[in-house]
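I would like the entire structure built from these sequences, with the hints used as guidance.
The listed protein sequences derive, respectively, from chains W and B.
All residue numbers for the first sequence refer to numbering that gives the first Met the number 0, where the first residue is 0 and numbers rise by one.
All residue numbers for the second sequence refer to numbering that gives the first Met the number 0, where the first residue is 0 and numbers rise by one.
Please keep in mind that the hints were generated in silico from the structure rather than gathered at the bench.
Where hints are given, some of them may not hold.
No distinction is drawn between identical chains; accordingly, a pair holds when it is met within one copy or between any pair of copies.
Unchecked claim - With a cut-off of at most 27 Å between alpha-carbon atoms, the simulated DSS-like pairs for lysine-lysine come out as follows:
1. 95 <-> 212
2. 126 <-> 212
3. 95 <-> 183
4. 143 <-> 183
5. 95 <-> 63
6. 246 <-> 63
7. 194 <-> 143
8. 254 <-> 238
9. 126 <-> 34
10. 246 <-> 143
11. 63 <-> 254
12. 212 <-> 63
13. 254 <-> 95
14. 183 <-> 254
There are 2 protein chains.
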Amino acid sequence: MIGLQQIGCYLPERRLSNYDRREEFGFEESFIEEKLGVRQIALKAEDEETSDLCVRAFEALVGKVPVDRSCVETAVVVTQNPDVNIPHTSAIVHGKLGLPESCACFDISLGCSGFVHALSVVTAFMKDNGFSTGLLFTADPYSKIIDPDDRTTSALFGDGATCTLLSDRPLYVAQCFTFGTIGKDHQQLTCVDGKLRMNGRAIFNFAARYVPKDVDTLLERAGLALEDIDLFVFHQGSKFIVDTLTKRLGLDPIKVVFDMRDYGNTVSSAVPMALAREMKQANRRRIVICGFGVGLAWSSALLERASLV
Amino acid sequence: MIGLQQIGCYLPERRLSNYDRREEFGFEESFIEEKLGVRQIALKAEDEETSDLCVRAFEALVGKVPVDRSCVETAVVVTQNPDVNIPHTSAIVHGKLGLPESCACFDISLGCSGFVHALSVVTAFMKDNGFSTGLLFTADPYSKIIDPDDRTTSALFGDGATCTLLSDRPLYVAQCFTFGTIGKDHQQLTCVDGKLRMNGRAIFNFAARYVPKDVDTLLERAGLALEDIDLFVFHQGSKFIVDTLTKRLGLDPIKVVFDMRDYGNTVSSAVPMALAREMKQANRRRIVICGFGVGLAWSSALLERASLV
Numbered sequence: 000m001i002g003l004q005q006i007g008c009y010l011p012e013r014r015l016s017n018y019d020r021r022e023e024f025g026f027e028e029s030f031i032e033e034k035l036g037v038r039q040i041a042l043k044a045e046d047e048e049t050s051d052l053c054v055r056a057f058e059a060l061v062g063k064v065p066v067d068r069s070c071v072e073t074a075v076v077v078t079q080n081p082d083v084n085i086p087h088t089s090a091i092v093h094g095k096l097g098l099p100e101s102c103a104c105f106d107i108s109l110g111c112s113g114f115v116h117a118l119s120v121v122t123a124f125m126k127d128n129g130f131s132t133g134l135l136f137t138a139d140p141y142s143k144i145i146d147p148d149d150r151t152t153s154a155l156f157g158d159g160a161t162c163t164l165l166s167d168r169p170l171y172v173a174q175c176f177t178f179g180t181i182g183k184d185h186q187q188l189t190c191v192d193g194k195l196r197m198n199g200r201a202i203f204n205f206a207a208r209y210v211p212k213d214v215d216t217l218l219e220r221a222g223l224a225l226e227d228i229d230l231f232v233f234h235q236g237s238k239f240i241v242d243t244l245t246k247r248l249g250l251d252p253i254k255v256v257f258d259m260r261d262y263g264n265t266v267s268s269a270v271p272m273a274l275a276r277e278m279k280q281a282n283r284r285r286i287v288i289c290g291f292g293v294g295l296a297w298s299s300a301l302l303e304r305a306s307l308v
Numbered sequence: 000m001i002g003l004q005q006i007g008c009y010l011p012e013r014r015l016s017n018y019d020r021r022e023e024f025g026f027e028e029s030f031i032e033e034k035l036g037v038r039q040i041a042l043k044a045e046d047e048e049t050s051d052l053c054v055r056a057f058e059a060l061v062g063k064v065p066v067d068r069s070c071v072e073t074a075v076v077v078t079q080n081p082d083v084n085i086p087h088t089s090a091i092v093h094g095k096l097g098l099p100e101s102c103a104c105f106d107i108s109l110g111c112s113g114f115v116h117a118l119s120v121v122t123a124f125m126k127d128n129g130f131s132t133g134l135l136f137t138a139d140p141y142s143k144i145i146d147p148d149d150r151t152t153s154a155l156f157g158d159g160a161t162c163t164l165l166s167d168r169p170l171y172v173a174q175c176f177t178f179g180t181i182g183k184d185h186q187q188l189t190c191v192d193g194k195l196r197m198n199g200r201a202i203f204n205f206a207a208r209y210v211p212k213d214v215d216t217l218l219e220r221a222g223l224a225l226e227d228i229d230l231f232v233f234h235q236g237s238k239f240i241v242d243t244l245t246k247r248l249g250l251d252p253i254k255v256v257f258d259m260r261d262y263g264n265t266v267s268s269a270v271p272m273a274l275a276r277e278m279k280q281a282n283r284r285r286i287v288i289c290g291f292g293v294g295l296a297w298s299s300a301l302l303e304r305a306s307l308v
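In structure tokens form, the structure reads like this:
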């Protein structure tokens, strides 16, 4: 049984306040608080590379749980903003952490659905190869590609990274996954000539339309009802999308995580970062996690507390 | 049982001859024939994108075997030269091929070891999610990043793509994998400021040192001897490296594939392209495939003819 044992998170210290940019962007306070849900974004240092963010997240992980580097059998980085395109960032992280020669490294290119997709991919890869210890990193620093004058993106996305220890001593185990892609609409969220371009309304409409029915599909497959789920961790795209999904699914807001006010939308790190805080609570028996965005793509998973499986 | 059912291959028609560049590069004929082993390289059209190469490889696949697009449950692209960094190329291919909304798409960033790694990743992902039909693409057009004046790379690398149908009606099944990474040496093969930089000697030494012992490890795990293997498909890095591996492992050259003379080293497409030709021969009971390069990384797999498993 391979599952999530622990998650280490890293947020750079530097912050950029949306209140300081209210006039420039023409933001009302209610827009910052209730629509974006982001007071400030986290920003990496200029010379901080994607692989450095991964190393910091690993350090945060080992602050929570001992990890014997010599036992790491795979290390995977989810990113669309790698250090360079060749080699994969996981190879650079492998070198920086001094991981063993027998460690299988690769990057997965996915955006905001990346953690959920990769949780399935890496868990399956580990099981099929008989591995017991793996590291799943997310690090997608959008500050590399954001035009600071673009109000739809520069007030929303923050830099951050996570490192999830996947092992045969899990706290949570993923029991079921769903996936989806609408490739023909990929132009709504893309990076052209090094600049991020997002049609915010199109992405919102996509998520509001597809995510609720995907959660229904997931629960149907698992033979569960919404009431059986203790917590929902949706991708932290904005407060407005999290609130909309909560309403459309008819969820009690107390069961829905919102966790981005002080650092922003950290892309593939948003779900594991929110999950990391919630994993401490032993009474969360079943958690649904759900990512959506770039692709356009989405994925959902049912996590069950391993002690209760 | 999920395995390789068929492989479609695409090579652009355009060629650049190394004989036409003999004077410019100072190549002896013996160097072209015996060291490089590449008479001409395949070059994509300027406006042909990585996703287009994938579509062409899919068309070649459906020329060999019928594929019902509505049944494709996952589509994965191995590349380090995507159309753009956001979104993943697999989403663009998904749109171009009109694949179903329920299809899980992601890219894997790996170089010359990419097909072998990805064969394990995608097979495991399919098995764990109960999928029966998947497409594994390789397309890494190095012409995007090669300096035409760099004799160590521009005479060697060619453009191409493959599309492997992974299904529950396989011709070959992968029984065992090995993986490795030496991330601290990643600078020997990298892309900086859009230009490929390769220390050919370092990569050669790496492969000559690590690949033979990796093949030994693979066979030991599988409980087989070199004599039990009918065919070896090494990454087609150059004639010199294929010959060196053949000698160091003490293999009969007739059991070792060499297939790059008329198009070059196609990176992650090299192994599946060579394998595609050999899969036709029903008497190949056991095949060892082995990729190595960018990372620095390597991986090997034992394939067994499904009818004999």
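Measure nothing new, just compare the shortest in-copy and cross-copy C-alpha distances for residue 126 and residue 34 to 27 Å and report within, between, both or neither. Close neither inside one copy (41 Å) nor across copies (41 Å); limit 27 Å.
Regarding residue 126 and residue 212, is the shortest C-alpha distance of 27 Å or less found within a copy, between copies, in both, or in neither? Between. Shortest inter-copy distance 24 Å satisfies the 27 Å Cα cut-off; intra-copy 29 Å does not.
When no copy is named, should residue 246 and residue 143 be tagged within, between, both, or neither for a Cα gap of at most 27 Å? So residue 246 and residue 143 fail the 27 Å test inside a copy (34 Å) and across (47 Å) alike.
Status of residue 183 relative to residue 143 across identical chains (alpha carbons, at most 27 Å): Both, since 26 Å and 24 Å are each at most 27 Å.
For the identical chains here, do residue 246 and residue 63 meet the 27 Å Cα criterion within one copy, between copies, both, or neither? Neither: 35 Å inside a chain and 49 Å across chains, both beyond 27 Å.
Within a copy, between copies, both or neither: which one fits residue 95 and residue 63 at a CA-CA cutoff of 27 Å? Within one copy only: 20 Å inside a chain, 45 Å across chains, cut-off 27 Å.
Please sort residue 212 with residue 63 into within, between, both or neither, judging by C-alpha distance up to 27 Å. Cα proximity of residue 212 and residue 63: none, with 36 Å in one copy and 37 Å across.
Can you tell me if residue 183 and residue 254 fall within 27 Å by alpha carbon in one copy, between copies, both or neither? neither (34 Å within a copy, 44 Å between copies)
Quick one: residue 95 to residue 212, C-alpha cut-off 27 Å, is that within a copy, between copies, both, or neither? Between. Shortest inter-copy distance 25 Å satisfies the 27 Å Cα cut-off; intra-copy 42 Å does not.
Can you tell me if residue 194 and residue 143 fall within 27 Å by alpha carbon in one copy, between copies, both or neither? both (8 Å within a copy, 19 Å between copies)
For residue 254 vs residue 95, is the C-alpha pair at or below 27 Å within one copy, between two copies, both, or neither? neither (39 Å within a copy, 39 Å between copies)
Identical-chain pair category, residue 63 with residue 254, by Cα at 27 Å: within (25 Å within a copy, 51 Å between copies)
In this structure, the earlier hints numbered 6, 9, 10, 12, 13 and 14 are contradicted, and the remaining ones agree with it.
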